[in-house]
Amino acid sequence: MTEHRAGATAPTALPRLVGARVARREDGRFLTGQGSYVDDHRPARLLYAAFLRSPHAHARVVSIAASAALTLPGVAAVLTGEDVARSAKPVRAASKTPAVKVTSFPPLALGKVRHVGEAVVMVAAESRYVAEDAVERILVEYEPIPVVTDMEQALRPESPLLHDEAGTNLLVSREFGRGDVDEALAGAALVVRERFRFHRHTPVCMENRGCLAEYATGSGTLTLRSSAQCPGLVRDVLSDLLDMPEHRIRVIAADVGGGFGAKASLYPEEIATCVMARRLGRPVKWIGDRREDLLATTHAWDEIVEAELGVDRDGAIVGLRAQVTADVGAYSIYPWTAAIEPVQTISFLPGPYRVPTYRGRTRGVATCKAPLGPYRGVGRPPAVFVIEGLMDRAARQLGMDPTEIRLRNFVRDEEFPYKSPSGIVWDRASFTASLLRACEALDYAAVRAEQSRARAEGRWLGVGVASYVELTGIGSAIPVSPGMPIATGTEAATIRFDPAGKVTAVFGIASHGQGLETTLAQIVADEVGVPIDDVRVIHGDTEVSPYGTGTYASRSLVLAGGAAILAGRAVREKMLVIAGHLLEADPADVVMTDGRWAVRGMLDRSVAVREIARAAYTGARRLPTGLEPGLEATRFYDPYYGTASNATHVAVVEVDRETCEVKPLRYVVVEDCGRMVNPLIVDGQVHGGVAQGLGAALLEEVVYDDQGQLLSGTLMDYVVPSACEVPWMEVHHLETPSPVALGGFRGMGEGGTIGAPAAIANAVADALVPLGIEIAELPVTPDRLFRLIERARARG
Amino acid sequence: MVTVRLNVNGVAHEGRCEPRKLLADFIREDLGLTGTHVGCEHGICGACTIMFNGEAARSCIMLAVQADGAELMTVEGLMRDGKLHPLQEAFREHHALQCGFCTPGMLITALDLLRTNPSPNDREIREGISAVLCRCTGYQGIVNAVRAAAPILVAGR
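Residue numbers (the working numbering), protein chains in the order written: chain C, -10 to 785; chain B, -19 to 137.
Don't read these hints as lab results, they were simulated from the structure.
It cannot be assumed that every hint is accurate.
If you want a taste of the chain C side facing chain B, the calculated C-beta under 8 angstroms gives, among others [said to hold, decoys possible]:
no., residue
1, ASP16
2, PHE19
3, GLN23
4, LEU128
5, ALA243
6, GLY246
7, VAL436
8, GLN440
9, SER441
10, LEU669
11, ILE670
A few chain B positions that, by computed beta-carbon distances, are all more than 12 angstroms from chain C [as the list claims (entries may be wrong)]:
no., residue
12, THR(-17)
13, PRO131
14, ILE132
15, LEU133
Backbone N, C-alpha and C define an ideal beta-carbon position, used for all residues, glycine too.
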């Protein structure tokens, strides 16, 4: 691996922007209603699309009668699965590993439907209203076939099969291990075991998914505006599916109303909309409504984890054995495949601990539900729920404090880099420091004392701790999702001065709320020595950016930030050469001071940035002999293995004895994302992540009945936390610069959601210690808690 | 088709639409004011919240014809003389937005809260803004922003 100087300093006397709480550059347009979301665009001759979606969870499509729709005034066209199949290949999320069965995901149902809400027919019309009228006039004859919605039943040989080509509903099967765990557990002083259940979750971006395709017949170019996190990925796969060269496809993801991983996959509607636009030669826009979002955006988690943890008499871990079963839904999504959630869970189960022996087996099982996909945390929220739950169970049985057992087992500072039992390397982390700092911030001893008093009064007050580590900024050495053949290890930056001395910085990543227009501008401004107002960041448009894929997997600040540093350095070196020429000095003697470039020790001999920029474009008369005109650079960055962030969350909750409602009273986070570019934004990411994790722990659950009908199909039924359910969050930072990632940055977009479910679950269990209740199922809703409490009371 | 005459952000508008057209769609499509966002179309998420005759209302569960003769204010009407409204300023300063999608509805809702309760405590702020769902911020920046803006609005009255 290339050695980088972490935190290399730019030669600037301007106030350094990296590390400062800079207010966001993008806010001006969002605050005034001038955002540029997909639905804000209405080109001339626009058609609006609507989809007819399957009311059945599993059925053969016998016939489709669309003539009554086509005769409706204002209807331009109707597309069926067979129509699309003639114009586009089916999506097949390939995998290099035989552990993943590759199956097709047609843009519109072909032959049969596999979940309620699957798109079957598409209509394009003069308005969304007319398009929906037309959908109601289409008659589809279905022949229902037996439905399977339970992942364990789906594994039985007599179960209905979703994909004939797979020959089984077991789409993913993988195992990681180190050492002889069976022997270790047999010899352990204590083995705690549990069957954990983390129910299905859905991301609920406030902006529903949508896209707008325009095909220019004259030039043979396709432009797709999409609410995508990964415009580059979408461009690449559309090229293949539509058989069009990449340079004729432009994918724009301008402003996107939240993503959280849900918008990081290719969706059927994007392909169908492109096919419709190409066929009609008119722009076609589809904007999903909330019902479509809840039915057909990828879901998350939905895992059963049977796990056993063995410890010695002192609480030191001797072995961990786990079997993960994930309900991956009806389809394997592109490009991540059905493996992303179940495999990630066994990759991260050992957590931040020294686990000498480990075996994690995982299975991804197809059922008649919406597909599982990446969502904030991917596999790690369940993994952390499990390992942290087991740590607490072991501590309770040994009579140890939860913090004590963690401190005993954390990978120690002198052991980095540390290779986890699943093969992931932790470059350097602050596991111990983050826990100690969290206890200090909380005043752990005082809270425990308060808990004793509360218990004496009969109140159910609990403290829950969760520590975790997450892989971020993944480079080319490992795929983001196991076995995935597409390259996701690099990003690029182009930094360009114009002759007036202002900077345009272009990236292949796409920001959908993370504030990358600000953080990347901070990095660029520092590197080339200009004020932040002189930097404009452009992202999310494949036509103007260097090659890149997009924003997912907590990668953008690491990869695009690293590329910005490299491109910035290249530009700065050229500026030094030009400045030296203009100042008749050796470039090595040129320094940057107060926005001017001067000769060291002779600050009256100086030039302004704009004079350097102007000279760069003036040509030979102002440039050193042989120097190429222009002032811009494009650089690619590959962090190779990537890096990691870690955190400890501590929750204090009270369980209401009357209503069984869990009220978070305090919530402390101590996170370490390496060198922070903008603490304001880091705080915001933590807050939002914790709120989503809290929702997952207490409120949010996708519910299907046994016939595969979605029962949580509105936001009245699927409960997203409002301001009243989210507690005040106390966020503290440690900064352990990454020794391997340029700039020392570590990614941190997902962490809040990784730690919160475990911290809340452990706090609830801690509150209910007097009743001997363990929390093995999330979300821990009042009705679940009521039943647990009733059962415990019946036991006496 | 029916005629709808209304005043939006101090400007008189007249449009023709189907009686079934949602007010949110009318504002976005017929008036071209795309700052008002549609997030759920069933009155839960609050992204589409506007001021309707001086009170916050969800434009996704109203028909355009119901707004005939009404005075509306949308997020586009918050700025005065090219300057951000103090609430907008506070949102920016306190990082009360990330993706920006709920922001228009959140601003209008917060303004409505401060109209009826000029000095809310944190609990009242949380209750007041609970009419709008935000998936990005965990609400902390929003609570901070509303708390900070409240005395500025009082002073400006």
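Here is what the structure says about each hint:
The beta carbon of C/ASP16 is positioned within 8 angstroms of a beta carbon in chain B (closest approach about 5 angstroms), and the interface hint is therefore held. Given hint, C/PHE19 at the interface with chain B, holds; its Cβ is 3 angstroms from that chain's nearest Cβ, closer than 8 angstroms. For C/GLN23, the interface hint holds, since its Cβ comes within 8 angstroms of a Cβ in chain B; the closest pair sits about 7 angstroms apart. For C/LEU128, the interface hint is violated, since its Cβ never comes within 8 angstroms of a Cβ in chain B; the closest pair sits about 23 angstroms apart.
At about 11 angstroms, the closest approach between the beta carbon of C/ALA243 and any beta carbon in chain B exceeds 8 angstroms, and the interface hint on this residue is violated. The restraint placing C/GLY246 at the interface with chain B holds, with a minimum CB-CB distance near 3 angstroms, inside the 8 angstroms limit. Interface hint status for C/VAL436: violated, as the beta-carbon distance to the closest one in chain B is roughly 21 angstroms, over 8 angstroms. Interface restraint check for C/GLN440: the shortest CB-CB distance to chain B comes to about 24 angstroms, outside 8 angstroms, so the restraint is violated.
Checking C/SER441 against chain B: minimum C-beta separation of about 28 angstroms lies over 8 angstroms; hint violated. Satisfaction of the interface hint for C/LEU669 is found here, the shortest Cβ-Cβ separation to chain B being roughly 5 angstroms, below the 8 angstroms cut-off. This hint holds: C/ILE670 has a C-beta 7 angstroms from the nearest C-beta of chain B, less than the 8 angstroms allowed. For B/THR(-17), the shortest C-beta to C-beta distance to chain C comes to about 18 angstroms, beyond the 12 angstroms cut-off, and the non-interface label holds.
Interface exclusion of B/PRO131 from chain C stands, the closest Cβ pair being 20 angstroms apart, more than 12 angstroms. Its beta-carbon lying about 15 angstroms from the closest one in chain C, B/ILE132 satisfies the requirement of being farther than 12 angstroms from that chain. With a least beta-carbon separation of about 16 angstroms from chain C, B/LEU133 lies farther than 12 angstroms from that chain, consistent with its non-interface assignment.
Hint compliance for this structure: hints 4, 5, 7, 8 and 9 are not met, and every other hint is.
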